[in-house]
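Just need the whole structure built from these sequences, with the hints factored in.
Respectively, the protein sequence lines represent chains A and B.
Position 215 of the first sequence, counting from 1, maps to 215 under this note's numbering, and the rest follow consecutively.
So the mapping is simple: this note's numbering equals the position in the second sequence, first residue as 1, plus 1000.
It should be emphasised that the hints constitute simulated quantities derived from the structure, not laboratory data.
Some hints could be false.
Claimed, not checked - Derived pair list, reagent style EDC-like, types lysine to aspartate or glutamate, alpha-carbon separation capped at 20 Å:
1. A/K223 / B/E1094
2. A/K223 / B/E1238
3. A/K228 / B/E1137
4. A/K165 / A/E431
5. A/K228 / B/E1140
6. A/K223 / B/E1235
Listed here are the chains, written in short residue letters.
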Amino acid sequence: MNDFVVFFSTIVHLLSDPFNILLLFGASFLGIIFGALPGLTATLGVALLTTLTYGMDLNTALIALFGMYVGAIYGGSYPAILINIPGTAAAAATAMDGYPLAEKGEGGRALGLTTTASFIGTTCGMIVLVLAAPLITEMALQFTSYEFFLLAIFGIVISGTLTSKDLVYKGWIAGLIGLVLACIGRDRLQFFPRFTFDMPELDGGIEVVPVLIGAFGIPQIIKVLRDKLALTQPKKFQRILPEFRTVVRNIKHIVRSAMIGVGIGAVPGVGEDIAGWVSYGTAKNTSKNPDNFGKGEPAGIVSSETANNACIGGALIPLLTLGIPGSPPAVMLLGALMLHGVTPGPMIGFEKPTFFVEVCAVLFLASLAMWINGIFLARQVVKLLLIPTAIFLPVVGMLCVIGSYALGLNIFNLYLMVPIGIIAYFLTEMEYPIAPLVIGVILGPMADENLRRALMVSEGSFMPFLQRPVAVILIIATLLLIVTRLPIYQRWKDSLLERFKHWRHHKTL
Amino acid sequence: MDNQTSHLRRLDFRTGIILALLAIGLIWEATSYPMSDSYGGVQNVWYVSPALFPLLVGGLLLLLSLMLVANAVAYHGWPGVLREQQKTTSWFDERNQRFLAILVLIATYVYAFIPTVDFYIGTAFFLFAFIAAFYLERHEMLVISTLFFFVVGVALGITDGQIGKSVSQFAVDGFATLAFIILCLLIVRLCLQRALGIRRFRTTLLVALLVPLVLCPVFKFGLLVPLPTEGFYIEAMEQVKYLLRASG
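Listed below in structure tokens is the structure:
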């Protein structure tokens, strides 16, 4: 009950300041633009906006950042529907059915559907967040160094496993490269300089913001400009209506997609893009008429858009309760929260008892602003799709530069950003995922410190890792993830299946 | 698809070796860290040593990179993995030239312009060269813009370290401005010669001049972020700000 009071009083309090309302709608609109322009992503948008929120107070900054995040995840659906090019990877599954609808002249209907579905998705994510977060914090309070070390490793392994498109261990390699980068600088326990090459600038370690902006921004700029991607003319569309009736008819898809979205969002480092695809695939497989998918089936659009927005709430669960970001944009949110003096983790329930509910209130406002912007301003955003990429990408490049500089006021960060961007470009060209690398940079210090703390307590013995129940569960989960993906296991499973089939065959004869 | 996998496996072979060497270097360096002796008066034991985590990460990286190499060899066999792939196009095709141009532009901006030239003119120059190279959609524009920007960058790089001593900041800014104007004239002439029309050139110039004109004050006066290098133009903006404040 008390939570409801806090929730509504936060909303009223935030909306009482006209500057906040302006900021909310502005950030949300900007987010939609970031999502809609191919080459700009939600992660980059949140990263660049973090620079601007530096001087604001916490709640105002959160309004801007969540407005941007929610808007950008939703905005990716515009070009997906109208020109068949998803603005962000999260909206890739939306293009499957959105573009055929637009070709039939029902683009307005498709846009209305994504708008309402995204709103419902974000709200569902928010509800799960407020229900689950206190429970997880409760549990996380029992965690000690053993669990935190294993949790960091688990996060990197699962993110690497799920985001890798080629060989699964390429994802793990990306995570390890992130951990190597995290090792640079003076170690936190004994202050011993590691891999600093006698450069004083490296003593403090590598900052996350330039890594993030370099690793996500520069490869995007290179890829789009290199291939001369010429965008086609957006399809015409009629009025955008909220499409409540279609949404109600697809309520079963919405509920399932929201759950999938939240679940995938909560997994460290795995974000909106995968949620969209998984949900779309599930909708197709469980549908009575799967043949309609890919030809303009509203259920397909609803499924992918509900899931990718529900992911936001899901990604915030491990971020706020454990300090482990659930998706790439959440990585940036972690950085932003720390800038404002909030350290996410199990202790947050004590330091700021109402923080979860306040975050939920902001998230709700952000999704409301997104919905209103989407219904009324979509036409303006579509005009922006006509700007040639060769004009806005150089501007983005320049924003990357000033964004990486402004947070630390350190030119050295820029010198780092460029090589990291180039390495990230080559890695993506060879099908390495980038998210695990950034997660590795974030979780590296946590893993390192907690491993040594844990061993200090046990005086070098590894036994406590096997004696604590949560630790054992984490170890088993990590090992299962690794072993089931190894080629040896696959071969073994195949031969077992083969033998089983053989046996059944004999039996039926 | 299969061709692509085969290409990927060849690349895997090389990256696997590079990563393995990196991992070995990592382990080598980490073994020199204090394991059991004392550092800064702290008696060390292996399990709190700063070397522990890098050794762990290095070991895993070595293992996985060797798996990468082994997998590539298993896919192609020994002679296959070493053989160069049949190339249909030359290495220096247009796609790679565009890639190289982006790299040169960004690197020159970050390493040569940012530390030496006033942020406004440096950024306007960068945006102009970058947009002209790609938006004007002519190969010679790409080459001229990129090379010109690079050469100016090298010249600026040489003056770095002398600024404030024998060279004044305003002189450097003046040099950059002059170079910027020369590039503009070069591009205009090319546009007219190739009958491209002046419209695209105008858009390029406008974006290049206006975007930093908005962003510099936002960062400098709105967010109170001191810009990396502040010279003639930022100084001028400051004067304008004082004038506005005095009059209003």
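Here's how the hints hold up against the structure:
Between A/K223 and B/E1094, the direct Cα distance comes to roughly 14 Å. Compliance with the 20 Å bound is thereby established for this hinted pair. Proximity of A/K223 to B/E1238 is assessed by CA-CA distance (about 38 Å); at most 20 Å being required, the pair is judged violated. The hinted pair formed by A/K228 and B/E1137 meets the criterion: a straight-line CA distance of about 9 Å does not exceed 20 Å. Our distance criterion of 20 Å between C-alpha atoms is met by A/K165 and A/E431, whose separation comes to about 7 Å.
The hinted pair formed by A/K228 and B/E1140 meets the criterion: a straight-line CA distance of about 16 Å does not exceed 20 Å. Restraint check for A/K223 and B/E1235: not satisfied, since their Cα atoms lie roughly 37 Å apart, outside the 20 Å limit.
Hints 2, 6, counting from the list given before, are not met by this structure.
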